[in-house]
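Read top to bottom, the protein sequences are chains C and W. All letters in the first sequence, in the order written, are residues 1 to 260 by my numbering. All letters in the second sequence, in the order written, are residues 1 to 764 by my numbering.
It is possible that part of the hints are untrue.
[What the hints assert, rightly or not] What follows is a list of derived Cβ distance ranges for each label pair:
(1) W:ASN368 <-> C:PRO70: 36 to 46 Å
(2) W:GLU327 <-> C:ASP150: 33 to 43 Å
(3) C:ASP148 <-> W:GLU133: 28 to 38 Å
(4) W:ARG703 <-> C:PHE195: 56 to 66 Å
(5) C:PHE195 <-> W:HIS261: 45 to 55 Å
Because the hints were derived from the structure by calculation, they are not lab data. Everything numeric in this text was worked out from a predicted model, so none of it was measured. Ideal placement from N, C-alpha and C gives every residue a C-beta, glycine not left out.
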Amino acid sequence: MAGRVAVIQFPGTNCEMETLRAVKHVGLEGDIVRWNEPEHKLRSYDGFIIPGGFAHQDRVRAGVIAAKDPVMAVLTEEAEKGKPIVGICNGCQVLTESGLIPGLEPGRVEMAMARNRMENRWGFYHRFVYIRRMPETPDCAISVSIGDNDIIALPIAHSEGRFATTDEKLLKAIEERQLPCFIYTDRKGNTAVKFPDNPNGAMFNLASLSNRAGNVVGIMPHPERAIFRWNLAPIDTKTPNIHSGYNIFKSLKQYIEKVS
Amino acid sequence: MAGHGLLPDNEYRRLVELIEREPTTVEETIFSIMWSEHCSYKSSKNILKILPTSASNVVIGPGEDAGVVHFTGEGDDSWCIVIAHESHNHPSQVLPIEGSATGIGGIVRDVYCMGAKVVAVMDPLRFGDPDGEKRYRTRYIANGVVKGIADYGNSIGVPNLGGDVYFHQGYDDNCLVNVVAVGVVRRNSITRSAVPHKAKERPYKFILVGKATDDTGFGGAAFASEILNEEETDKGAVQVHDPFLKRVLTVATFKVLEEAHKSGITIGFKDLGAGGIACATSELASKGGFGADIHLERVPVSIEGLKPEVIACAETQERYALVVPDEFVNRVLEIYNVEYELGKVYPGAQATVIGEPRMDGLYRVHYNGEIVCSVPAKTITEGIFYERKRKERKQSAFISGRRIQIEEAFKKVISNLDVCDREPIFSHYDSTVQGNTILPPGFSEAGVIKPIDDKETCLAMAVDGNPRWGLIDTFWAGAGAVYEAVRNVVCAGGIPICITDCLNFGSPEDPVVFNDFHRAVEGIAYACNTIGRLDSPGEPLPVVSGNVSFYNENAEGEPVPPSPIIACLGKIDSIDDIVMSKIRNEDTELIFIYDPENIERIGGSVYQSIIASTGGEIPHFDGEYVRRMINLIIELGRKGHINVCKDISDGGLITALFEMIYDVRVDGGALGIEIDIGCLPHNDETVLFSEAGGFIVGSVGERINKIKNLTEEAGVTFSHIGRAVASDQFIVRRNGTVLVELNINELNELYRQPLREVFEWQAG
Numbered sequence: 001m002a003g004r005v006a007v008i009q010f011p012g013t014n015c016e017m018e019t020l021r022a023v024k025h026v027g028l029e030g031d032i033v034r035w036n037e038p039e040h041k042l043r044s045y046d047g048f049i050i051p052g053g054f055a056h057q058d059r060v061r062a063g064v065i066a067a068k069d070p071v072m073a074v075l076t077e078e079a080e081k082g083k084p085i086v087g088i089c090n091g092c093q094v095l096t097e098s099g100l101i102p103g104l105e106p107g108r109v110e111m112a113m114a115r116n117r118m119e120n121r122w123g124f125y126h127r128f129v130y131i132r133r134m135p136e137t138p139d140c141a142i143s144v145s146i147g148d149n150d151i152i153a154l155p156i157a158h159s160e161g162r163f164a165t166t167d168e169k170l171l172k173a174i175e176e177r178q179l180p181c182f183i184y185t186d187r188k189g190n191t192a193v194k195f196p197d198n199p200n201g202a203m204f205n206l207a208s209l210s211n212r213a214g215n216v217v218g219i220m221p222h223p224e225r226a227i228f229r230w231n232l233a234p235i236d237t238k239t240p241n242i243h244s245g246y247n248i249f250k251s252l253k254q255y256i257e258k259v260s
Numbered sequence: 001m002a003g004h005g006l007l008p009d010n011e012y013r014r015l016v017e018l019i020e021r022e023p024t025t026v027e028e029t030i031f032s033i034m035w036s037e038h039c040s041y042k043s044s045k046n047i048l049k050i051l052p053t054s055a056s057n058v059v060i061g062p063g064e065d066a067g068v069v070h071f072t073g074e075g076d077d078s079w080c081i082v083i084a085h086e087s088h089n090h091p092s093q094v095l096p097i098e099g100s101a102t103g104i105g106g107i108v109r110d111v112y113c114m115g116a117k118v119v120a121v122m123d124p125l126r127f128g129d130p131d132g133e134k135r136y137r138t139r140y141i142a143n144g145v146v147k148g149i150a151d152y153g154n155s156i157g158v159p160n161l162g163g164d165v166y167f168h169q170g171y172d173d174n175c176l177v178n179v180v181a182v183g184v185v186r187r188n189s190i191t192r193s194a195v196p197h198k199a200k201e202r203p204y205k206f207i208l209v210g211k212a213t214d215d216t217g218f219g220g221a222a223f224a225s226e227i228l229n230e231e232e233t234d235k236g237a238v239q240v241h242d243p244f245l246k247r248v249l250t251v252a253t254f255k256v257l258e259e260a261h262k263s264g265i266t267i268g269f270k271d272l273g274a275g276g277i278a279c280a281t282s283e284l285a286s287k288g289g290f291g292a293d294i295h296l297e298r299v300p301v302s303i304e305g306l307k308p309e310v311i312a313c314a315e316t317q318e319r320y321a322l323v324v325p326d327e328f329v330n331r332v333l334e335i336y337n338v339e340y341e342l343g344k345v346y347p348g349a350q351a352t353v354i355g356e357p358r359m360d361g362l363y364r365v366h367y368n369g370e371i372v373c374s375v376p377a378k379t380i381t382e383g384i385f386y387e388r389k390r391k392e393r394k395q396s397a398f399i400s401g402r403r404i405q406i407e408e409a410f411k412k413v414i415s416n417l418d419v420c421d422r423e424p425i426f427s428h429y430d431s432t433v434q435g436n437t438i439l440p441p442g443f444s445e446a447g448v449i450k451p452i453d454d455k456e457t458c459l460a461m462a463v464d465g466n467p468r469w470g471l472i473d474t475f476w477a478g479a480g481a482v483y484e485a486v487r488n489v490v491c492a493g494g495i496p497i498c499i500t501d502c503l504n505f506g507s508p509e510d511p512v513v514f515n516d517f518h519r520a521v522e523g524i525a526y527a528c529n530t531i532g533r534l535d536s537p538g539e540p541l542p543v544v545s546g547n548v549s550f551y552n553e554n555a556e557g558e559p560v561p562p563s564p565i566i567a568c569l570g571k572i573d574s575i576d577d578i579v580m581s582k583i584r585n586e587d588t589e590l591i592f593i594y595d596p597e598n599i600e601r602i603g604g605s606v607y608q609s610i611i612a613s614t615g616g617e618i619p620h621f622d623g624e625y626v627r628r629m630i631n632l633i634i635e636l637g638r639k640g641h642i643n644v645c646k647d648i649s650d651g652g653l654i655t656a657l658f659e660m661i662y663d664v665r666v667d668g669g670a671l672g673i674e675i676d677i678g679c680l681p682h683n684d685e686t687v688l689f690s691e692a693g694g695f696i697v698g699s700v701g702e703r704i705n706k707i708k709n710l711t712e713e714a715g716v717t718f719s720h721i722g723r724a725v726a727s728d729q730f731i732v733r734r735n736g737t738v739l740v741e742l743n744i745n746e747l748n749e750l751y752r753q754p755l756r757e758v759f760e761w762q763a764g
């Protein structure tokens, strides 16, 4: 039986439809589950995705209200069982504010998704970017079928996507490549990049970060918007090794099959 | 002044005649809104009859909240496109963020309420001169408008697929913010904005859902129909937006529509826009042939002590009215109030029953036991009509200007604000949400999406309207806007299926302005009739929706540049037929396809403004020739003969060539251009800078000859002018003599910077 994924819908979420479509496209089953639906229903799923949008209007700060929602307490318990939880864009902000990623000390907020730092501009930024795995990092729920040399082209669309921290332990963990992560690159996969290839000024060019176990992952770019080859029409896909967001969801499927 | 002074004396007398007594305050308020130019089209409706609005693909033409055209599929699997196009000019001038955001909010409601999923928005914008006398205000407005559109559109999860922007001092005191929303709906799921016929047989109820009513936007429609006077401006007439609530409402509403459809229940559904509850419910009633009893004391309010006319007519945002059969009422309330917890999501938001249809056609509003309005619904919605005077505009004299070096002119043209890179605007908008985007802004002449999951058919869309043309000749500006929007869609591989228009002019009471308006409508009609439907010969390209915005003037009473703005939608049968406007390969051969009769008309071009020339003739399009060109382009795309196609518009051929390689990175560095214009029998400036339309297509090898043959068969010109090369030089020659030789990196900077500077002003 195919794994079942719950796509969590908070008030203000706006990427739930295409996220569910991506889940089904790789052969997983799934449903959109409202934030206020019964706990037992939620617990019946094998994995969870918190999609993009503006959960609870991003009041106070992106992701912070949703992080306090009772649904997150349930997800935290499910994560402890090893089930995968993927937060995309706003979902990444929610996971950060919940202390689930990086989760060195579970529950503590160790990192911020700070305002984009960009040249000559302000606010929301939409652009196609390239990401790849940071070499020599462990697998996570969205990277198991992705090789070190694979480049993935995806759109970003956010105002607050800059991974930032002053936490010494976290900085060291990333530097020592203990945490699974993806980084922004140029279209040839070179990692020493600056704006706009790194679209928001994220530390270590981070585009995605997981907890140590690799089952809870936050990613700022939108793989669910680039499932099909035609989603990458603006990208020069003649370059070898450039893949779409399909591989991200394929990884999730493989991960769920392995775990459950 | 008669009554409460809400209506001009003549209209007040008319109202007394109609209802045979003095109106109540609520009645007077309702009529002042329904008889505003914004709602009644009292000056324009006779002229708009010129436009071709019917064709075999039109499902619902102008007159409802949005137009509906058939898109793809047949029978039970038939899908339609829903499109609405409006202006939100005055509110955006006064409060740019709120004004533009509620513009997007209003237009998406018009599409949602046809039962459609909104799949794209576009936004044609016209701002004042950011370097002129009112530069601070202009920049504040331009930045605010972009922020408002971004804040709202990004939050509701609808991709922004295009738009255009022009700057002119004529918009200093009155910017234009037009908005277009596009949706898809299964033909058998279209919801009508009318009390269903079935209400004759069984009881129905009116349900109001959304934000609790307050006093915002009270008098908004009347405000849109007056000349702006900034000192006296009533900011209360601008509505307050809430995209967050809108998103939740939309998700919940879809559930309501889906359940109604599944259970075979017919409902009526309408958004609350101008005139709020009273106008929406009276229109729902009137359109279905009913009347209504509406109880204002049942309306949830967020401020105590609101007068009945305010509750009835305030334009509080994020509200809808539904008309549903009694047995479905509780389920609707449950979806909104329990499952989606509207009240918790937003204080005071809820769904509530506020009344019921009446069989006798009378529209009655009750407030605490008193009847505050009692008029036949038809009388309210019928509107009024004015015959306006017309007077020919005096043509401005032709001034030839001074000639400048071609290289110099090229640099000035690509760094002109009407030409340069639009990325500083469109990168603020989410153009890929929903995951259906194929070509977002910047990669093609039109935005392209694949809006229906299990259908291959793609949708291309573009907007256009050149204010420099409007200032010279509104007939050809109207026609030219249609042609250009059509050409943009065609470039991407789209077969045009319909257009919409938003006509932004000064006061209709000024005979010159009214004549300009009339001529523009004639021009649009001419273009639609001559292009016709490529996929159904003999039929016009239909105008399916639109809007007229009058009273756009500056403080001195001068009208804004006449601005007929057109949106065009096109259908692409397969993803493989989509054509980009960016060259991807070096050694792409470039072919120029144009109308040699028309190219000599350079009036209204960017080049003309740069050499300080004025007047002259703007392009006069030969409709038959344009039709042959666009048919050819479609054929070339479908047969796979071309891999790139670009329309010639602002900045002319040379600018189009540059834009085809701008920001393209190939292995080994930049892409350059080498052309020779020796084969074109016009003077250099005309060839390079004329904006008379046409196409550049790119191809390679054997296919060039095939293009040549098809072009000759079509009876249009074929001029093989050069190629893209792996170099960092942009070179133009005439018979070997160099006219332009410039470095690509230098050109890139000139093209990239100007708008950045305008839009970096509002930091943080």
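Hints, one by one, checked against the model:
1. For the pair ASN368 of chain W and PRO70 of chain C, the beta carbons lie near 41 Å from each other, so the given range of 36 to 46 Å is met.
2. Distance hint check for GLU327 of chain W and ASP150 of chain C: the Cβ-Cβ separation is about 56 Å, which falls outside the suggested range of 33 to 43 Å.
3. Between ASP148 of chain C and GLU133 of chain W the beta carbon distance is about 59 Å. The supplied range of 28 to 38 Å is therefore violated.
4. Our hint of 56 to 66 Å for ARG703 of chain W and PHE195 of chain C is violated, since their Cβ atoms are close to 39 Å apart.
5. Checking the proposed 45 to 55 Å range against PHE195 of chain C and HIS261 of chain W shows it holds: the Cβ atoms sit about 48 Å from each other.
The structure fails hints 2, 3, 4 (numbered hints given earlier, in ascending order).
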